[in-house]
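Could you build all of it, start to finish, from the sequences and the hints given here?
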Amino acid sequence: MTTQQVDPVDSVVGFVVDDPQNFIGAAELEANRVFLHNWLLATFGLDVHRLNIRALVKEFAVHSGTYSEARMYNIVGGCFLLHERLPGLKAHALEHNYLNYERLRTIWFALVTVSLDAPGYVWRDIDTVLVGLFTPTRANQPLPSTRRIRQVLRDTLIRLHIVEETPPEEELTEEAMAARITAMCGVELWESPHAGVSVLNVTLPSDEAHEIKQRLAAGAKKLNLREDEIITNRICGSGEQRDAGCTVHLFGLGTLTEATKVIPERLHGVGLLTGEQRDRISGRDFAYTNIGDVAEVLRAAHDPTEEQRLLIMGRDGTCRFPDCTMDATFCDIDHVINHEVGGWTTASNLQCLCRHHHNFKTDRHATASTDAYGNVTWRFATGATITTIPQGVLAGHVVGCPAGITTRHGQPTKTEEEYQQPPIREDFGRWGTTLINYRNRQRARYLARHRLVANIPTELPPLPEAPHPEPPPDDQWPQEPPTDYTPPRPRWAKPPYQLAKLQKRARQAKHHRRTNTPRKRQRRS
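Under full-length UniProt numbering, the residues of the sequence shown are numbered 1 to 525, in order.
FYI, nobody ran anything at the bench for these hints, they're computed from the structure.
Do not take every clue at face value.
[What the hints assert, rightly or not] Have a look at the derived ranges for each label pair, beta carbon to beta carbon: (1) P205 to E340: 41 to 49 angstroms; (2) N290 to P205: 16 to 24 angstroms; (3) F23 to E84: 32 to 40 angstroms; (4) H397 to I158: 54 to 62 angstroms.
[Said to hold, decoys possible] In silico EDC-like cross-links for lysine to aspartate or glutamate, where the CA-CA straight-line distance does not exceed 16 angstroms: (5) K90 to D125; (6) K361 to D427; (7) K90 to E69; (8) K213 to E229; (9) K361 to E416; (10) K361 to D332; (11) K361 to D279; (12) K361 to E59; (13) K213 to E227; (14) K414 to E340; (15) K361 to E340; (16) K361 to D323; (17) K261 to E229; (18) K213 to D228.
Idealized CB from N, CA, C, for every residue including glycine.
Here's what the structure looks like:
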């Protein structure tokens, strides 16, 4: 048998993506380089103690065509760690281009238990571990996965004794357990990737869920129906009894065939209807409303009518803030021109905004203007502008009244100059916060959810006196660990006497196997 000799030149230590013949890896490294350089430049010099992080991530998301507002929190937070806490990893990443969004996000979340005010030696230890993780030790080595990054950082935090488990909670009373179960119960409607169907998710107490499932199976077998048909017939009724119940609002786009006969084609939350669905809905008794008549209504009252609300939801489809995908069903109906300064309650002056972005607009971090077709233009404090277009089933079919934009009602309670003032609390508004406060709240929620308690000192014991005067520590790491400092042993670690006992048992077991295993016959040469 012959063995193939490996050329030492072909065994160069490095990651697979660094192979000169790997054009796919080269393209990924170039994409990582552009990503990291751009966002490190965009976040360089940010005052994390005074800058409103909520306004910053929204404006970044507006300019980005790839990363949403939620992802911007991860990008800004990860870049902050590279700038202020992980300089070694930053230099290493800029040189080798190994960091992409997924790895940066993993680092940001994996270090959530570490306080930003932790001593410098803690962050320096983490920085060294991450640089070593992204340094290859063998030839053709794969880049560390996000799971590997989480595992290494978790082991590092355990070694540094960052957090420890809290004592077990006391047993809950029956009332508290019932309240916890009730809070988790409910009904949710989910979209399905398949045309013509949706998912209705029901969360129930376990005993009731099993009973309902068995009753559905028995009823379906007895009546020769599907289980979902049993639910529909029991709740909605069948035949003539179906229309005798409550009024159901299904709004969308349809074709008017007679004076009051409408064949629906597309519904909000459902999408394009199948032939069977069109026949089933068109055969029902329903009230038809012309959207053109509703769009022309001008009201001085603040609250829109039910028809106006359904019209705006069907036109917009989602929240109208840039890059927000919150369904219009769960959004507020907002006046683009505020009602307090004379804005009409009409289709041309109404839009759907989720509660989060509604508060953002109310705080005057951004202003909005619209046209009769519902195209909303947003302007931010930095001068950036972006226009969002309606995405609902009625988009392009609704034209509002132009007077709802150019005129004002005669009952204003505030002036337009009041809404042009900067946000209160030094431009933070009522809901603004800094990156430091945002991270502290994120850390507190994580510790409470996982029943952990912070255990890292904010100050170290004084350093022992050196025989010769030493230069002061650099500004980057103002706190140095003492030479005789040893992190406290975690509660779950084995004490020395138990380790010695385990080692003794291992030696005895090894000796037992040697003495009780029959020896093999030696072959004669």
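Each hint tested on the structure:
1. Distance hint check for P205 and E340: the Cβ-Cβ separation is about 46 angstroms, which falls inside the suggested range of 41 to 49 angstroms.
2. Distance hint check: the CB atoms of N290 and P205 are about 46 angstroms apart, inconsistent with the given range 16 to 24 angstroms.
3. Checking the proposed 32 to 40 angstroms range against F23 and E84 shows it holds: the Cβ atoms sit about 36 angstroms from each other.
4. With their beta carbons about 60 angstroms apart, H397 and I158 fall inside the hinted range of 54 to 62 angstroms.
5. The hinted pair formed by K90 and D125 meets the criterion: a straight-line CA distance of about 14 angstroms does not exceed 16 angstroms.
6. Among the hinted pairs, K361 with D427 is consistent with the structure: their alpha-carbon atoms are about 13 angstroms apart, no more than 16 angstroms.
7. A threshold of 16 angstroms between alpha carbons decides the hint, and for K90 with E69 the separation of about 24 angstroms lies outside it, so the pair is violated.
8. For the proposed pair K213 and E229, the alpha carbon gap of about 13 angstroms is at most 16 angstroms, so the pair holds.
9. Pair hint K361 plus E416 holds up; C-alpha atoms about 14 angstroms apart against a cutoff of 16 angstroms.
10. Only pairs whose Cα atoms come within 16 angstroms are accepted, and K361 paired with D332 is accepted, the gap being roughly 12 angstroms.
11. Among the hinted pairs, K361 with D279 is inconsistent with the structure: their alpha-carbon atoms are about 43 angstroms apart, more than 16 angstroms.
12. A distance of roughly 13 angstroms separates the Cα atoms of K361 and E59; the hinted pair therefore holds under the 16 angstroms criterion.
13. As the CA atoms of K213 and E227 are separated by approximately 9 angstroms, the hinted pair is consistent with the 16 angstroms bound.
14. The straight-line distance between the Cα atoms of K414 and E340 is roughly 5 angstroms, inside the 16 angstroms bound, and the hint therefore holds.
15. As the CA atoms of K361 and E340 are separated by approximately 14 angstroms, the hinted pair is consistent with the 16 angstroms bound.
16. A C-alpha spacing of about 15 angstroms is found between K361 and D323, which places the hinted pair at or below 16 angstroms, so the restraint holds.
17. Between the alpha carbons of K261 and E229 the distance comes to roughly 27 angstroms, so the proposed pair goes past 16 angstroms and is violated.
18. Using a Cα cut-off of 16 angstroms, the hinted pair K213 and D228 holds, with the two alpha carbons roughly 11 angstroms apart.
Hints 2, 7, 11, 17 from the list above are not met by this structure, while the remaining hints are.
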